[in-house]
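Between the sequences and the hints, there should be enough to build the whole structure, so can you do that?
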Amino acid sequence: MYWLQPPPHLRRAAAALLIVGAFLWDLRGPASVPHPFVARPISRGSAITADDVEWRSITAGALPAPDLEGAVAAVDLTAGDPLIPAVLSGGVSVPDGWWAVSLDAGRHATPGLEVLLVVVDPPVTTTGIVIEAQRGDRLSLDYRPALVAVPGDVAAVVAAADHAGLLVTAVRP
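Quick note on numbering: my numbering labels position 68 of the sequence shown as 183, and the sequence is numbered without any gaps.
No lab work stands behind these hints, which were simulated from the structure alone. Predicted, not measured: the structure shown is a model, and the values here were computed from it. Mixed in with the good hints there might be a few duds.
[Unchecked claim] The calculated label-pair distances, taken between Cβ atoms and stated as ranges, are:
| no. | residue 1 | residue 2 | range |
| --- | --- | --- | --- |
| 1 | 223 | 166 | 22 to 32 angstroms |
| 2 | 137 | 184 | 21 to 31 angstroms |
| 3 | 185 | 281 | 24 to 34 angstroms |
| 4 | 173 | 119 | 14 to 24 angstroms |
| 5 | 177 | 253 | 37 to 47 angstroms |
| 6 | 223 | 280 | 13 to 23 angstroms |
| 7 | 184 | 210 | 17 to 27 angstroms |
Cβ atoms here follow ideal geometry from the backbone N, Cα and C, with glycine treated the same way.
Below is the structure:
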(Lines of atoms letter the chains of each structure in order from A and count residues from 1; the text may use other names and numbers.)
(Lines give C-alpha, C1' and ligand atoms only; values in the text may rest on other atoms or scores of the structure.)
Protein backbone atom coordinates (compact mmCIF):
# COMPACT_ATOMS: atom_id res chain seq x y z
CA MET A 1 0.00 0.00 0.00
CA TYR A 2 1.88 2.84 -1.38
CA TRP A 3 -0.26 5.65 0.07
CA LEU A 4 0.24 4.47 3.66
CA GLN A 5 4.07 4.87 3.73
CA PRO A 6 5.53 7.81 5.69
CA PRO A 7 6.65 10.79 3.59
CA PRO A 8 10.39 10.84 2.71
CA HIS A 9 11.17 14.10 4.56
CA LEU A 10 14.30 12.75 6.26
CA ARG A 11 15.73 11.46 2.96
CA ARG A 12 15.08 14.80 1.27
CA ALA A 13 16.68 16.73 4.15
CA ALA A 14 19.76 14.47 4.07
CA ALA A 15 20.09 14.93 0.30
CA ALA A 16 19.76 18.72 0.65
CA LEU A 17 22.43 18.77 3.40
CA LEU A 18 24.72 16.66 1.23
CA ILE A 19 24.31 19.06 -1.71
CA VAL A 20 24.88 22.14 0.47
CA GLY A 21 27.97 20.51 2.05
CA ALA A 22 29.42 19.67 -1.38
CA PHE A 23 28.77 23.21 -2.58
CA LEU A 24 30.51 24.72 0.47
CA TRP A 25 33.43 22.29 0.04
CA ASP A 26 33.82 23.39 -3.57
CA LEU A 27 33.68 27.10 -2.66
CA ARG A 28 36.66 26.90 -0.32
CA GLY A 29 39.01 26.52 -3.34
CA PRO A 30 42.19 24.52 -3.68
CA ALA A 31 44.80 24.58 -0.93
CA SER A 32 47.72 26.87 -1.64
CA VAL A 33 51.27 26.84 -0.31
CA PRO A 34 54.19 29.29 -0.63
CA HIS A 35 56.81 28.25 -3.22
CA PRO A 36 60.19 29.86 -4.04
CA PHE A 37 60.70 31.64 -7.37
CA VAL A 38 63.78 33.43 -8.74
CA ALA A 39 63.70 37.15 -7.91
CA ARG A 40 66.61 38.20 -10.17
CA PRO A 41 68.78 36.43 -12.77
CA ILE A 42 71.15 33.81 -11.32
CA SER A 43 74.06 32.39 -13.29
CA ARG A 44 74.95 28.70 -13.30
CA GLY A 45 77.16 27.77 -10.36
CA SER A 46 76.06 30.65 -8.13
CA ALA A 47 74.87 30.01 -4.61
CA ILE A 48 71.18 30.72 -3.96
CA THR A 49 70.76 33.37 -1.25
CA ALA A 50 67.68 34.77 0.46
CA ASP A 51 67.87 37.88 -1.76
CA ASP A 52 67.58 35.67 -4.87
CA VAL A 53 64.29 34.10 -3.73
CA GLU A 54 60.76 35.44 -4.02
CA TRP A 55 57.93 33.47 -2.39
CA ARG A 56 54.64 33.11 -4.27
CA SER A 57 51.47 31.22 -3.47
CA ILE A 58 50.72 28.23 -5.73
CA THR A 59 48.35 25.28 -5.63
CA ALA A 60 49.54 22.59 -3.24
CA GLY A 61 51.34 19.77 -5.04
CA ALA A 62 51.79 21.66 -8.32
CA LEU A 63 55.60 21.83 -8.01
CA PRO A 64 58.03 19.78 -5.90
CA ALA A 65 59.51 21.63 -2.93
CA PRO A 66 63.28 22.24 -3.20
CA ASP A 67 65.83 22.21 -0.40
CA LEU A 68 67.38 25.69 -0.48
CA GLU A 69 69.93 25.03 2.27
CA GLY A 70 73.32 25.41 0.56
CA ALA A 71 71.72 25.20 -2.89
CA VAL A 72 73.62 26.15 -6.03
CA ALA A 73 72.08 26.95 -9.44
CA ALA A 74 72.75 24.03 -11.82
CA VAL A 75 71.59 26.09 -14.85
CA ASP A 76 71.21 29.77 -15.71
CA LEU A 77 67.98 31.05 -14.14
CA THR A 78 65.98 34.13 -15.10
CA ALA A 79 63.66 36.18 -12.90
CA GLY A 80 60.31 34.46 -12.40
CA ASP A 81 61.56 30.88 -12.86
CA PRO A 82 60.30 28.44 -10.20
CA LEU A 83 62.97 26.87 -8.03
CA ILE A 84 62.62 23.10 -8.23
CA PRO A 85 65.11 20.33 -7.39
CA ALA A 86 65.93 19.78 -11.09
CA VAL A 87 67.52 23.24 -11.48
CA LEU A 88 69.45 23.13 -8.19
CA SER A 89 72.45 21.21 -6.99
CA GLY A 90 73.74 20.80 -3.47
CA GLY A 91 76.57 22.90 -2.23
CA VAL A 92 80.11 21.60 -2.20
CA SER A 93 82.01 21.68 1.08
CA VAL A 94 85.72 22.05 1.71
CA PRO A 95 87.31 18.69 2.63
CA ASP A 96 89.05 18.37 6.00
CA GLY A 97 92.61 19.66 5.96
CA TRP A 98 92.04 21.73 2.79
CA TRP A 99 91.84 25.50 2.41
CA ALA A 100 89.56 27.60 0.19
CA VAL A 101 91.46 30.01 -2.08
CA SER A 102 89.95 32.72 -4.31
CA LEU A 103 91.43 32.46 -7.78
CA ASP A 104 90.62 32.80 -11.46
CA ALA A 105 89.45 29.32 -12.50
CA GLY A 106 87.59 30.24 -15.69
CA ARG A 107 83.91 30.64 -16.39
CA HIS A 108 83.35 26.94 -17.14
CA ALA A 109 84.44 25.69 -13.72
CA THR A 110 81.28 24.69 -11.85
CA PRO A 111 80.96 23.71 -8.17
CA GLY A 112 82.19 20.20 -7.51
CA LEU A 113 84.47 20.13 -10.57
CA GLU A 114 88.05 19.02 -10.04
CA VAL A 115 90.61 21.40 -11.58
CA LEU A 116 94.34 21.04 -12.14
CA LEU A 117 96.43 23.85 -10.65
CA VAL A 118 99.95 24.33 -12.02
CA VAL A 119 102.32 26.75 -10.31
CA VAL A 120 105.09 27.91 -12.66
CA ASP A 121 107.68 28.99 -10.08
CA PRO A 122 108.39 26.95 -7.95
CA PRO A 123 107.07 24.08 -10.09
CA VAL A 124 104.11 22.58 -8.18
CA THR A 125 101.14 20.69 -9.58
CA THR A 126 98.07 19.94 -7.46
CA THR A 127 94.35 19.42 -7.84
CA GLY A 128 91.60 21.59 -6.46
CA ILE A 129 87.83 21.35 -6.11
CA VAL A 130 85.66 24.29 -7.17
CA ILE A 131 83.48 25.33 -4.24
CA GLU A 132 81.87 28.42 -5.78
CA ALA A 133 81.92 29.29 -9.47
CA GLN A 134 83.50 32.41 -10.91
CA ARG A 135 81.21 35.23 -11.98
CA GLY A 136 82.00 37.52 -14.90
CA ASP A 137 85.49 38.16 -16.20
CA ARG A 138 88.29 40.45 -15.06
CA LEU A 139 87.00 43.28 -17.30
CA SER A 140 83.45 43.32 -15.91
CA LEU A 141 82.22 45.15 -12.84
CA ASP A 142 80.51 42.00 -11.55
CA TYR A 143 83.74 39.96 -11.49
CA ARG A 144 84.14 37.57 -8.58
CA PRO A 145 86.89 34.95 -8.63
CA ALA A 146 86.09 31.29 -8.05
CA LEU A 147 86.50 29.75 -4.63
CA VAL A 148 88.66 26.62 -4.99
CA ALA A 149 89.56 24.15 -2.23
CA VAL A 150 93.22 23.09 -2.28
CA PRO A 151 95.24 20.82 0.05
CA GLY A 152 96.46 22.69 3.12
CA ASP A 153 100.16 22.05 2.48
CA VAL A 154 100.12 23.89 -0.89
CA ALA A 155 97.42 26.51 -0.18
CA ALA A 156 99.89 29.32 0.53
CA VAL A 157 101.94 28.51 -2.58
CA VAL A 158 98.82 28.46 -4.79
CA ALA A 159 97.50 31.74 -3.36
CA ALA A 160 100.87 33.48 -3.77
CA ALA A 161 101.28 32.13 -7.33
CA ASP A 162 97.80 33.35 -8.27
CA HIS A 163 98.57 36.80 -6.86
CA ALA A 164 101.88 36.92 -8.78
CA GLY A 165 100.32 35.67 -12.02
CA LEU A 166 102.28 32.40 -11.96
CA LEU A 167 99.28 30.05 -11.67
CA VAL A 168 97.68 28.14 -14.55
CA THR A 169 94.28 26.54 -14.02
CA ALA A 170 93.25 23.63 -16.23
CA VAL A 171 89.62 22.56 -16.45
CA ARG A 172 88.66 19.22 -17.98
CA PRO A 173 86.29 19.80 -20.95
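Quick rundown of the hints versus the structure:
no., hint, result
1, 223 - 166: 22 to 32 angstroms, "26 angstroms, holds"
2, 137 - 184: 21 to 31 angstroms, "42 angstroms, violated"
3, 185 - 281: 24 to 34 angstroms, "33 angstroms, holds"
4, 173 - 119: 14 to 24 angstroms, "59 angstroms, violated"
5, 177 - 253: 37 to 47 angstroms, "43 angstroms, holds"
6, 223 - 280: 13 to 23 angstroms, "21 angstroms, holds"
7, 184 - 210: 17 to 27 angstroms, "20 angstroms, holds"
Taken one by one, the earlier hints fail for this structure at numbers 2, 4, listed in ascending order.
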